[in-house]
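**Student:** Given the sequences, and given the hints that come with them, work out the whole structure.
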Amino acid sequence: MASNKPKILKVDIKDTVFGKDCVVSDMVNIYGATFGDNCFVGPYTEVQNTVIIGQNVRIQSHSLICEGMTIGNNVFIGHGVMTANSRHPVAGAEEWKCDPPHIGNNVSIGSGAIILPGVLIEDNAKIGAGAVVSKNVHKGEIIIKFNESLNKK
Amino acid sequence: MASNKPKILKVDIKDTVFGKDCVVSDMVNIYGATFGDNCFVGPYTEVQNTVIIGQNVRIQSHSLICEGMTIGNNVFIGHGVMTANSRHPVAGAEEWKCDPPHIGNNVSIGSGAIILPGVLIEDNAKIGAGAVVSKNVHKGEIIIKFNESLNKK
Amino acid sequence: MASNKPKILKVDIKDTVFGKDCVVSDMVNIYGATFGDNCFVGPYTEVQNTVIIGQNVRIQSHSLICEGMTIGNNVFIGHGVMTANSRHPVAGAEEWKCDPPHIGNNVSIGSGAIILPGVLIEDNAKIGAGAVVSKNVHKGEIIIKFNESLNKK
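Taken in order, these protein sequences are the chains called A, B and C. Each residue of the first sequence is one higher than the one before, starting from 0 at the first, in numbering that gives the first Met the number 0. Each residue of the second sequence is one higher than the one before, starting from 0 at the first, in numbering that gives the first Met the number 0. Each residue of the third sequence is one higher than the one before, starting from 0 at the first, in numbering that gives the first Met the number 0.
Treat the hints as calculated values from the structure; they're not laboratory data. Hints are not guaranteed to be accurate.
Covered by chain A, according to a simulated footprint, are these stretches of chain B (three or more residues, beta-carbon under 8 Å) [claimed, not checked]:
(1) 12-19
(2) 43-57
(3) 77-89
(4) 106-118
Listing some non-contacts, in silico: residues in chain C with all C-beta distances to chain A over 10 Å [said to hold, decoys possible]:
(5) Val-22
(6) Gly-35
(7) Ile-51
(8) Gln-54
(9) Gly-67
(10) Glu-94
(11) Asn-104
(12) Gly-117
(13) Glu-121
(14) Lys-138
Cross-link-like lysine-lysine pairs, in silico, BS3-like; alpha carbons within 27 Å at most [as the list claims (entries may be wrong)]:
(15) A:Lys-9 x C:Lys-6
(16) B:Lys-4 x B:Lys-19
(17) B:Lys-19 x A:Lys-6
(18) C:Lys-6 x A:Lys-13
(19) A:Lys-9 x C:Lys-19
(20) B:Lys-13 x A:Lys-4
(21) A:Lys-4 x C:Lys-96
(22) C:Lys-13 x B:Lys-9
(23) B:Lys-13 x A:Lys-6
(24) B:Lys-9 x A:Lys-4
(25) B:Lys-96 x B:Lys-134
(26) C:Lys-9 x C:Lys-19
(27) A:Lys-96 x A:Lys-9
(28) B:Lys-9 x A:Lys-13
All values reported here derive from a predicted model rather than from experimental measurement. Glycine included, each C-beta is placed from N, C-alpha and C at the ideal position.
**Tutor:** Here it is as structure tokens:
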């Protein structure tokens, strides 16, 4: 069967403002974002349009920071963290409401956590690895997953 | 210690048929697949051999569409969605049974969901972010994860 | 707003020893690791400093093998598996304790599993897709997640 030629979107860093002393891996896809001073971004990470990130934020490999998010200062985001800004994603939707999460200061998010649309994670909260966060997390709260290693077959 | 030189496999788009008006990010690894018209594939995504995808399908970044899968029309696949086709994967297995998931039309799969081997997700179903889908999902069903933000320490 | 120029870290294979007959995808970030014979590493995978991996180990795409880990022989690591070596990650920490997981021989780890710091996974264990492993797993144990496809809305 004959194939059409797809349009190729280049993975790149574009239209983004960085503060001082930032370190960014290559193979990242960052567009339309703003970073404060002293941030780090690991490889295979996407940071989307209008994201605003504070100072001293570390975003590890394989993570997605979705359109519209704000992230405070001194935040750690682990490897493979996914964030979402659409409650009812549909392929080819002409319109959709962008309802991103927001993350305060001094927050740590463990690897593989998933942060759902509209969630507010307040200052000093800690999110355990693999947690799926569907409600707001208050100041200093610690959210952990069920211990699934007890769920033996 | 002396190192041998590994064989390097190039990440690329090869042996794949695309319909009209497809958009594909670079840094994807797509081989032996077939796409209908008007599909989108985000960065860091792998689509494996013999996969057949319909029209108007959006596959977001960081996802894996495994060998043998079929995906209908108007399907949304979120970021970091993993699919599996081997019930008992073993390193170096000479033989293995390829038992892929199949996804119908108008399905939406949230970010970070994991779709296990042999699962059939029927038309109009919705899979929440972070769900691990180990059984068939019937027409129009909505599968959500436990609300783990209630599981406070 | 004027942007500073971030320092770009190149994604690469460096300072790593490979045994015979290894196959490695490109777009991997591997540094300071040691691999035995006949290993495979899929694309978008990071293997960090001081990791020691045995023979006949398959690491699928999108996975992270963190600093300090040891992995035995004949191990299968699925797609999108995340591992962690810091119990209390903090952005910009000057000091942190590296407490990596360790994985024995003949272990299989399903896609999207998350392996927490300090966990020992003993020989012949199997970890299901999407499991979050927070405790040691003994010889031959099988760890599965709750069946979340039963959790219908």
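**Student:** Which earlier hints can't be squared with this structure?
**Tutor:** 16, 19, 21
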